[in-house]
Amino acid sequence: MSEQIKTGSSIKKIAGGKLVRVDVVYYQKIDCVKITGDFFLHPEELITFIEESLAGAEIPLSEELLVKRVDAVLQDNHATIIGFSPADLISVLMDAVK
Amino acid sequence: MKFRMIRFQKFSAFMNMAIDEAIMESIRSGTSLPTIRFYGWSPSAISIGFFQGLLNEVNLDACQQAGVDVVRRLTGGGAVYHDSDGEVTYSILGPVEIFPQKILDSYRVICSDILFALQLLGIQANFEPINDLTVDGKKISGNAQTRRSGVLLQHGTILYKVDVETMFSLLNVSKEKISDKLISSVKKRVTSVDSYSSAPIQDFFEAMEKGFSRDREIIYAEYTAEELSRARQLAEQKYSTNNWIGMR
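Which chain is which? The protein sequence lines are D and V, in order.
Quick note on numbering: the working numbering labels position 26 of the first sequence as 26, and the sequence is numbered without any gaps.
With the second sequence counted from 1, adding 1000 to any position gets you the working numbering.
To be clear, the hints were calculated from the coordinates, so they are not data collected in a lab.
Some clues are possibly wrong.
[Stated by the list, open to error] Footprint (simulated), chain D over chain V, 3 or more residues, beta carbon under 8 Å:
id, segment
1, 1045-1057
2, 1071-1084
3, 1145-1155
Note that the Cβ used here is the ideal one computed from N, Cα and C, for glycine as well.
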């Protein structure tokens, strides 16, 4: 089975915003996601919550569902992202699993 | 509002980041005033943003060969080359209540002090949201902010002179970032005080102090023994460790 596990990576400079890079490991569903870049997130430690919120999502990905997941993490934790939107992030993720 | 101002001193990258965190703790506990500090880096160093991938951003072999330290910041934002002789870094720290609540507003307010300082040297710079200052469209200062447990830290660098060859030999600059700004060469993206002013660096230091003294009651002071002791501990146990630097 291990040969079926895939990895992907995508990077995008958001217009008027910051650089976001997504590295993903997946097979039929997302195993793990790492989000890096020169953006800001307050509080910073929430980045792992966002990454974990995306794990388990089935391929093909539902853009709408994943944006809602990220929105929920941000709202539940009164968090602020500067440099990209949840929709930007999911767009980069979807590029990474193509 | 009273602020402690601590004049320019150089520390290692690990101590610089540790001092910021130690001061945040002392402000949180009520033992220190809100603080403005100016500092340099010895040896020269790269600092990367909290969310950046170390290997994505930094040419570690080149850094090792050049004797340049690498540290991860508490703040987001991009990678910065801190030339030991080419820049001033500032940190401003205080309870979040004394700064504008909206993050972008607080960047604008704090960065206005730097704009004022540059104006004293005859340099007309502009605040370019989210967190940059530019002259003629070229970046002269980058700034980054975090708010943790009721204390705001904003730090930033102002380039006095820039060695772009060294800077870009140490950083891995992505082509995506460059193309967005429609600039063919990364070397055209940055500038420095010495390109616009013949002021000696001491005048630059004084201008920075004046800029940050506007509308604030300033008390010149030093780091407390407790802050330095705590900072040494944080430098050793956190900021210089592979766990922290290579976290992402």
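Tested hints:
1. Only residues whose beta carbon comes within less than 8 Å of a beta carbon in chain D count, and the segment 1045-1057 of chain V has 6; three or more means the coverage holds.
2. Note: the segment 1071-1084 of chain V has 6 residues with beta-carbon separation from chain D under 8 Å; the three-residue rule is met and the coverage holds.
3. Closer than 8 Å: that is the beta-carbon criterion, and the segment 1145-1155 of chain V has 4 residues meeting it against chain D, so the requirement of 3 holds.
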